[in-house]
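Student: Make one complex out of these two single chains by using the hints.
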Amino acid sequence: MANIRDLRQSIHSVGNIQKITRAMEMVASTKLRRFQDRALQARPYSDRLEAMVRSLAAEVAANPEGAGEAGRLYLPGATDAPRAVLFVGSDRGLCGAYNSNAAKELDAHLRNVGGDFTLYVIGRKAMAHAARMGYPVAAYFEELVLEKMDFAGAAAVTKVLTDDFLAGKTRSVAICSTRFRSLVRYEPALHAFLPIVPLEGGVAPSSLLLEPTRTAVLGRLIPRYLETRIFHLLLEALASEFASRRFAMKNATEAAGDMKRDLTRSYNRARQAKITSEITEIVSGAEAL
Amino acid sequence: MAARTLTLRVVSPEGVVVETEAEAVTVPSEAGSFGVLPRHAPLVALTDSGLLKASGGEGGDREYLIHDGFVEVLDDTVTILTRAAELPTEIDLERAARAAERARERLRKGGLRDLDYARAQAALRRALARERMARRHA
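Keeping their order, the protein sequence lines are chains A and B. At position 35 of the first sequence (counting the first as 1) the number is 35 in the numbering used here, and the numbers step up by one without a gap. At position 135 of the second sequence (counting the first as 1) the number is 1135 in the numbering used here, and the numbers step up by one without a gap.
For reference, chain B alone in the conformation it holds in the complex (with noise of 0.2 Å):
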């Protein structure tokens, strides 16, 4: 029996930046990474940034770089959006160090409002996410 396979998509306001078959998907959430496989029930979930990774199917294993945004569930299709999603390669280790020092700095000088404090917060963890992904991949 051939192998039930998901369609992975994901879809950031850049554009389509990954559709590909897989066997089974990971997906960094925002209550922890958890698995997909084929048959699972339809969900909807926030994601938080972190690795994407998919395994089987034609490309192999694969893994992404995505950030806060949405993950569906449906028919054997898993469709992320993001805000922003990357290729381990594509990740420039510099910048995303400046990043993460400008968003420490905005965070430790503190009188920032609710929003404001999510988004540093939020810019913080994008940037971490970057700099561990692109050390794995260097």
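The following block holds chain A by itself, in its conformation from the complex (with noise of 0.2 Å):
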């Protein structure tokens, strides 16, 4: 019967999935430990920045000229220019809803602010969302593999847009990407990125003192805290994309493991009929006789 060949042969190959879904379980669980510790760590001290650039704002409006081109990071971009979003996604796909459900946050917000927009694109299956939509792109970063991503490269992304910033070629930027609360839940959201936003009740600027320099203070400072968002940001959305794949390897496999078992049962049930029916017809052949 070739039924009985074929479904050896279906078992077989669903215990190879399996075998295979199983590895790529193992694989996402370290590289999400080993991303989400770093996202974890990293944590207090994006927060603290944020905090001190973000109560500096008052000190800034004080006195916008004396801040350098820095400074200008905390004012409204060119009204004429389109915003921008910082659009990230993964590399790869395989990895459950991860990169649907940006994409729609993504839709959601473009649908509701409404007017020009422009993308920056970070990840290829992002970038695939981006195209399928016939999304403006004003960057792709190819380059960027997200998996070795390193606070240089986070560095080189920043520098872009905030120099696209400063060219008024953006009239805002915000960015987004998918938080990592914890191991079942990871949410995409929209996070404001440029213009920097004041802090409620920040430090009345003419008690501050910065040293040496303001200038040099701003100058340093507000690079370093918006390479740092960048950074945190990436972090907690490649943890979030392999705890995503982790999850989605790992129902494949219990799936592939109730498959199997089915297919077996439906090979035994095949194989006993086979049996039984050349018994009977060795029985009634004896018979005949």
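No lab work stands behind these hints: they were computed from the structure. Quick caveat: nothing in here was measured; it's all calculated off a predicted structure. Don't be surprised by glycine CBs; every beta carbon is placed ideally from N, CA and C. Some clues are possibly wrong.
[Unchecked claim] Over 10 Å on every C-beta distance to chain B, these chain A residues come out as not near it, computed from the model:
hint: 1; residue: ASP6
hint: 2; residue: ARG8
hint: 3; residue: SER10
hint: 4; residue: ARG72
hint: 5; residue: THR79
hint: 6; residue: ALA108
hint: 7; residue: VAL113
hint: 8; residue: GLY114
hint: 9; residue: LEU146
hint: 10; residue: MET149
hint: 11; residue: THR280
[To be verified] From the structure, some residues in chain A lie toward chain B, with a derived Cβ separation under 10 Å:
hint: 12; residue: LEU40
hint: 13; residue: PRO44
hint: 14; residue: LEU49
hint: 15; residue: ALA51
hint: 16; residue: PHE117
hint: 17; residue: ARG224
Tutor: Set out below in structure tokens:
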């Protein structure tokens, strides 16, 4: 019976797929741990830096000219320029709803805000979505390999974003990326990036000392903050990607196990039926003699 | 009257390294070290590689090695954000010596662009500060 051979082959290939998904699950777990640790450790640093920079807003507003180029990052950009969004997705697929959730968040945001916009894209899958929807893309950071991403990579992205903003090519910059809450919770969200949003109740400008000079402090603090912010959001996005992939692969492995069990049951039943029918044939053949 | 104390917090990308109370703190800044006492005026400054000292409070006198970054003094809280912070006992003298040698080599060879030059210089300063620190506590 050809059916039996087909079943045996199916069992075999489902088993192979299960091995692959299990291996992918383990790889994702290891990478997840690595990025998760880094993302969680970096959080206090990133948060403190953000609080520091945003509380300086009043100080900069009091005297924008004296703040140098960095001071302009607190001011709204050119009003006739498009709003920009840095859209972060993954380079690879097979990570569950990670990319489509981020894409949904982006689409909803663009619909709500309306008006002109342009995208900066990180991740192959994110780029594929932008292309499919026909969104204008100002830059695609193709050479940034997410998994090997380091601070220098994040700094390069930051430079492009701030340079374009200062050159009046964008009106504002937001970041659409996935935040890592816990192993089972990761949510895509939009974060304001440029111009820098002032913190309520910052320090009164007159009483604040900046050493060695105002320009020097702002010139170093603000770029460092922006780079750290991007770096940190990318780390969280990566941790979310691997958490999502691990979960997807775990489900796939379990589904493959179920399928294998069902197929084995059908296979055994078919095998039994064949034996029974052969015995019946032999017996009836013997009786005929 | 109970003495007012400062809260000292050192944060690096690897997490919160130090969180402690102190009566006085000395911070290595780009323009030289400066002391902070309670009721200090709000301040933001650039830090440099060097010794961060905390005195008084529960832990007695303590020293940490910090590197380039930022210090904020606000409401009797000293927050230091630095690329790296170490306890003196954690420093690997040999590694620091090797790093210093590498940085010197890079600077000597020349041909570095502004940014790379600044980076090599910062690396050298870090390594030298580590060496000094490790020797003191050896």
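Student: It remains to establish, for every hint, whether it holds in the given structure.
Tutor: Here is what the structure says about each hint:
1. ASP6: holds, 56 Å
2. ARG8: holds, 54 Å
3. SER10: Check passes; 50 Å lies beyond 10 Å.
4. ARG72: Nearest chain B Cβ is 19 Å from ARG72 of chain A, so the label holds.
5. THR79: holds, 31 Å
6. ALA108: holds, 32 Å
7. VAL113: At roughly 32 Å from the nearest Cβ of chain B, VAL113 of chain A sits farther out than 10 Å, so the non-interface label holds.
8. GLY114: holds, 38 Å
9. LEU146: Answer for LEU146 of chain A: holds, closest chain B Cβ roughly 18 Å.
10. MET149: Correct as stated: the minimum Cβ-Cβ distance to chain B is 14 Å, above 10 Å.
11. THR280: holds, 74 Å
12. LEU40: holds, 8 Å
13. PRO44: Cβ of PRO44 of chain A sits 5 Å from chain B, so the hint holds.
14. LEU49: Holds: closest Cβ of chain B sits about 6 Å from LEU49 of chain A, inside 10 Å.
15. ALA51: holds, 9 Å
16. PHE117: With a closest approach of 32 Å, the PHE117 of chain A hint is violated.
17. ARG224: holds, 8 Å
The structure fails hint 16 only (numbered hints given earlier).
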